[in-house]
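Please model the entire structure based on the sequences and the hints provided.
Numbering (our numbering), first residue to last: 3 to 191.
Some hints here could point you the wrong way.
Once the Cα atoms are required to be at most 30 angstroms apart in a straight line, the calculated DSS-like pairs of lysine-lysine come out as [what the hints assert, rightly or not]:
1. 145 with 112
2. 98 with 123
3. 145 with 132
4. 98 with 124
5. 145 with 98
6. 132 with 98
7. 84 with 98
8. 124 with 84
9. 132 with 112
Hints listed in this document are in silico derivations from the structure and should not be mistaken for laboratory results. On a predicted model such as this, the values are computed, not experimentally measured, just so you know.
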Amino acid sequence: MNKLKLIVPFALALFSFTATNERPQDNFCGTRNVSFNVGEEISLTVYYAVAGIYVNAGTATFTSTLETLNNRSVYHIIGEGKTNSSYDWIYKVRDKYETYIDTSTMQPLKFIRNVNEDGYKKYQNITFNKTASTAITTDGVFKVPACVQDVVSSMYYARNVDFSQLRPDDKIPFSMFWIMKCTICTSGI
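And the structure:
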């Protein structure tokens, strides 16, 4: 149980944007990037709570580059999370998430998840077919909404929302594609 405390803050940050149907944004599918530059690097410190004391246990970094994917200009965003080497003996994390976002629409075209969390390994490669509204994955083909985001692209999409047009308590709906398989799944707050 204590091992999960290291991952929970990072996961909460990734999933803090919830999907709703209350007030769609007019330019949801055609958002332009006005919030980040190519070559940007964001570094976060991950803390682990021990008896109410927060200890620096790892880092998470996000970098952006400009590349070409299938003849389209894309932002290649890489998010990497890892525990500090001094804590690897408790719970070693080496996670890498990649998204390829169309520069003209801020819509993801490809997403890669490659995680290693204390021996649990998971690799997923997802290609979004915008014409067919599908996500082609290593686990199958799934029907998805036209303007679907992945877990990393959703953060960069959220950074480009024009909050000046919103009121307090307004909701910004979006769809996010995420595959999670488990033998015993629980949820709740």
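Hint check:
Note on residue 145 and residue 112: the hinted pairing holds, with a Cα-Cα distance of about 15 angstroms set against a maximum of 30 angstroms. Restraint check for residue 98 and residue 123: satisfied, since their Cα atoms lie roughly 11 angstroms apart, inside the 30 angstroms limit. For the hint pairing residue 145 with residue 132, the CA-to-CA distance comes to about 10 angstroms; that is within 30 angstroms, so the pair holds. A hinted pair counts as satisfied when its Cα atoms are at most 30 angstroms apart, and residue 98 with residue 124 qualifies at roughly 10 angstroms.
Straight-line distance between C-alpha atoms of residue 145 and residue 98 comes to about 25 angstroms, which keeps the hinted pair within the 30 angstroms bound. For the hint pairing residue 132 with residue 98, the CA-to-CA distance comes to about 24 angstroms; that is within 30 angstroms, so the pair holds. A threshold of 30 angstroms between alpha carbons decides the hint, and for residue 84 with residue 98 the separation of about 9 angstroms falls inside it, so the pair holds. Under the criterion of a C-alpha separation no larger than 30 angstroms, the hint pairing residue 124 with residue 84 is consistent with the structure, at around 15 angstroms.
At roughly 11 angstroms between alpha-carbon atoms, residue 132 and residue 112 fall within 30 angstroms of each other, so this suggested pair holds.
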